[in-house]
Amino acid sequence: MTKTDVLMTGVGGQGVILASDALAETALKAGYDVKKSDSLGMSQRGGSVVSHLRMGEHIFSPMIKKGDVDFLLAFERLEGARWADYLRRGGIAIINNLAIPPLSVVGGTSTYPSTVEVEEIIREYTDEIYFIPATEIAVELGNPQVLNVLLVGFLSLFLDIEEKSYIGDLSQRVPPKFLQLNLKAFARGREEALIRKQNRQH
Amino acid sequence: MALGAYHAGVSVATAYPGTPSTEILENLAKMEGIYVEWSTNEKVAMEVALGASYGGVRALVSMKHVGLNVAADPFFAASVTGVRGGLVVICCDDPGMHSSQNEQDNRHYARFAKVPILEPSDSQEAYNLMEWAFKMSEEFDTPVLFRSTTRISHCKTVANVKEAADIKRKQPRFIRDPYKFVMVPSNARPRHPLMEERIQKLSSYMEVFPLNEMIIGDRSIGIISAGAAYQYAREVFHNASFLKLVTTYPLPQNLIKRFASEVARVVVIEELDPFLEDIIKVMGIQVIGKELVPIVGELSPQILEERAINAGLLPQPQQMSQSTKKVERALPLRPPLLCPGCPHAATSYALRRLGFYHVEPHDEQASEKRVMARQKRQGIIVTSDIGCYTLAVYPPLLALDTCACMGASIGQAHGLEKAGVTNKIVSVIGDSTFLHSGITSLVDVVYNKGHGTVIILDNNTTAMTGHQGHPGTGISARGEETQKVIIEDLVRGIGVRDVNVVNAFDLPLIEATIKRCVETDEPSVIIVRGPCPLRVRIKGKPLVVDLEQCDKCFNCLRVGCAAITKDGDKITIDTALCVGDRCSLCLQVCHRQAFKVSEG
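Listed in order, the protein sequences are those of chains V and R.
Residue numbers for the first sequence follow numbering that gives the first Met the number 0, beginning at 0 and rising by one.
Residue numbers for the second sequence follow numbering that gives the first Met the number 0, beginning at 0 and rising by one.
These are computed hints drawn from the structure, not numbers from a lab.
Hints are not guaranteed to be accurate.
According to the in silico footprint, chain R covers these stretches of chain V (three or more CB under 8 Å from chain R) [stated by the list, open to error]:
#1 60-67
#2 159-165
Straight-line alpha carbon distances no greater than 30 Å define the calculated DSSO-like cross-link-like pairs of lysine-lysine that follow [stated by the list, open to error]:
#3 V:Lys2 with R:Lys514
#4 R:Lys540 with V:Lys2
#5 V:Lys183 with R:Lys161
#6 V:Lys183 with R:Lys538
#7 R:Lys595 with R:Lys569
#8 V:Lys28 with R:Lys113
#9 V:Lys28 with R:Lys29
#10 R:Lys289 with V:Lys176
#11 R:Lys155 with V:Lys163
#12 R:Lys595 with V:Lys65
#13 R:Lys538 with V:Lys28
#14 R:Lys200 with V:Lys65
Far from chain R, by Cβ distances over 12 Å, these chain V residues were calculated [to be verified]:
#15 Val33
#16 Thr108
#17 Ile136
Yeah, the Cβ is synthetic: ideal placement off N, Cα and C, and Gly gets one too.
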């Protein structure tokens, strides 16, 4: 049972906490000791959100140290760059290539980093970076809200947990009328990861 | 904590919402067979729980750390009278101030009020400790303080719980005992020695408390810790010896002495104040404490490791820490903001405009005429309160001048007025906060002939903590209908004659009403009413931008709406975020009518 530290980051309203809850529960059922800790700040919507999720044989701290993160799962590009220094050397960064500019950018007092700049920042810590158009795929599937399940699907290919555990958890978690859509999003995320992984190996 | 209390047979649970404590009562409200309530404020919550305890049943009251300041009076009283049914007081501290105005360390309250305090270090311990807390309360005739922190409350860790627990609840029965319950001085005096005796007895009891844990590893370093900090210490110091305390007042002094004698040096690792450290030092034990662990802010394994390496308690890592060799890049921050469609946005925007002039130009010579002119131009001062609307302090709204604690806005405005400040003064307070602790201040303004204008932002919920009911909503903690307090009737009853109710999305009316009210010589109240968009989740007809009309003045960006973005110099509306013409504040601030309601 390998110790795995996952840091999920994004913007309030994107479903970060739900995704980390779902992954935590799945890992727990797969036999891991799991601890997770969420930072929401003050806002329900629009502020930075980060969730620490740790799994392994026995976990003490629910918070991950800088330089220890195995997987950075960013729901938004800037929030990926912001937390890049938590990655361990050679960790994996999965970044939804979506820009949600904060008001300071809209107001013109600061600039939003480009994909290239974000990549540069993350590359200081790791070369294994996946930028995915996850929001676009989610919209294609019919609902941008399934972004979180899609990203967990992508991450799932890298984790030592069986696929059916995720599907089992989703089946319990999601109301019946949204289940098919969510299962589709999960499968699509996982498939995307498989394609990217294979391309990388060539 | 909630499940632990439920399985321990709690009968009555009360709370006022406050991060990070809110979820405790929310979860208890899903459980059958017990009474739960959102109380008007923490003081009331404490009194209701105390009353229930007097009635012989187990009672729980939960609040955030600063809530205990509000509830301190009955809390201290409860320490004097003691209890009948077990009384557990949960307070959730917020080191790092994720969502609070200070980071006070509530362990001091235990010592101050002479009651025991328990501190879990994860979810399992929180569950297990709850049963002990109730037992301890009954055995020692005392309320028990149960301290959580953000990283206990907002963490999820694996916990084994009793299966379909056979829950036993106590039968309610009040047994008359004026010597215990009626605290006139003659009855209270004999209670004080009993309180001192109680702490002595508890001290012995803590010596053998089974959840305090000594782990002897490497004897060169012995760490005494509690709560979340204990988990960080275990993470960072792999082989050290540990004394984990869940009873942090009164301390098991013999146990600590024994531990100290087993190890070469003692390190106390605790978040915020040197609470354990001070007591242990007074015992005559040399410890490393706050010189290692910061007194300010939230602790983390990260900080602890860095400090321990710098202090030579841990070896230098082989490779350079990654963070030290990087060039810091300035990334734009993402401060929290009012949601699109927020009913507080229009009022905040209006207040910003009316308050704008109190930034005085520096270059003006102070001739008498100019002083007069300046006074005339003085902007409105805005005293604010605790709630979502406090976010209007951030750019671009910059609408607020003060925010101290729950209910402070009205009293502060009255004080500014009575001090002789010549600006017009407006206080801004939410519906839930007004009912929590704004009413008495408004009574004070009326009684003492103040002229203040109070804006009550009524979104019909306690929004910031996640939409809990309050007396103005007419919905109980269990979601049932109940008697609704009508805020305008209430303020009229207090004696305010100038009471206005305006639509939260009608900017011109809000602005005109504020302008009129601040000119009168009597107290006035403006109730700005509109529902929280995150609660009602209804959208109006979508809004669109007519770029041909837009002259790029970008006044619409001053509203601070997350749904309006600027792409190059083109204004666009994110229709996924925008609530449409239910709000239309952007439409009202645009002088070119570039925003339009789409009829599609």
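**Study point:** Non-interface label on Val33 (chain V), tested against every C-beta of chain R at 12 Å
**Key:** 6 Å, violated
Point to revise | Straight-line alpha-carbon gap Lys28 (chain V) to Lys29 (chain R), limit 30 Å | key: Measuring from Cα to Cα gives roughly 24 Å; hence the hint holds.
Review point. Looking at Ile136 (chain V) again, its CB stays over 12 Å from all of chain R?
Key: Holds, since 16 Å exceeds 12 Å.
Review point. Beyond 12 Å from every Cβ of chain R: is that where the Cβ of Thr108 (chain V) lies?
Key: At roughly 8 Å from the nearest Cβ of chain R, Thr108 (chain V) sits no farther out than 12 Å, so the non-interface label is violated.
Review point. Given as covered by chain R, does the region 159-165 of chain V meet the bar of three residues or more with CB within less than 8 Å?
Key: Three-residue rule not met by the region 159-165 of chain V, so violated; n is 0.
Review point. Straight-line Cα separation of Lys2 (chain V) and Lys514 (chain R) no greater than 30 Å?
Key: Judged against 30 Å, a Cα distance of about 62 Å means the pair is violated.
Point to revise | Proposed proximity, Lys569 (chain R) with Lys595 (chain R) (alpha carbon, max 30 Å) | key: 15 Å, holds
Point to revise | Hint consistency between Lys538 (chain R) and Lys28 (chain V) [alpha-carbon to alpha-carbon, up to 30 Å] | key: 39 Å, violated
Review point. Is Lys595 (chain R) close enough to Lys65 (chain V), meaning Cα to Cα at most 30 Å?
Key: 48 Å, violated
Review point. Holds or violated: are the alpha carbons of Lys28 (chain V) and Lys113 (chain R) at most 30 Å from each other?
Key: Answer violated: Lys28 (chain V) to Lys113 (chain R) is near 43 Å, above 30 Å.
Review point. Under the criterion that the straight-line Cα-Cα distance not exceed 30 Å, is the pair Lys155 (chain R), Lys163 (chain V) satisfied?
Key: Satisfied, since the Cα-Cα distance of roughly 23 Å is no more than 30 Å.
Review point. Is it true that the CA of Lys200 (chain R) sits at most 30 Å from the CA of Lys65 (chain V)?
Key: Not satisfied, since the Cα-Cα distance of roughly 45 Å exceeds 30 Å.
Hints 2, 3, 4, 5, 8, 10, 12, 13, 14, 15 and 16 from the list above are not met by this structure, while the remaining hints are.
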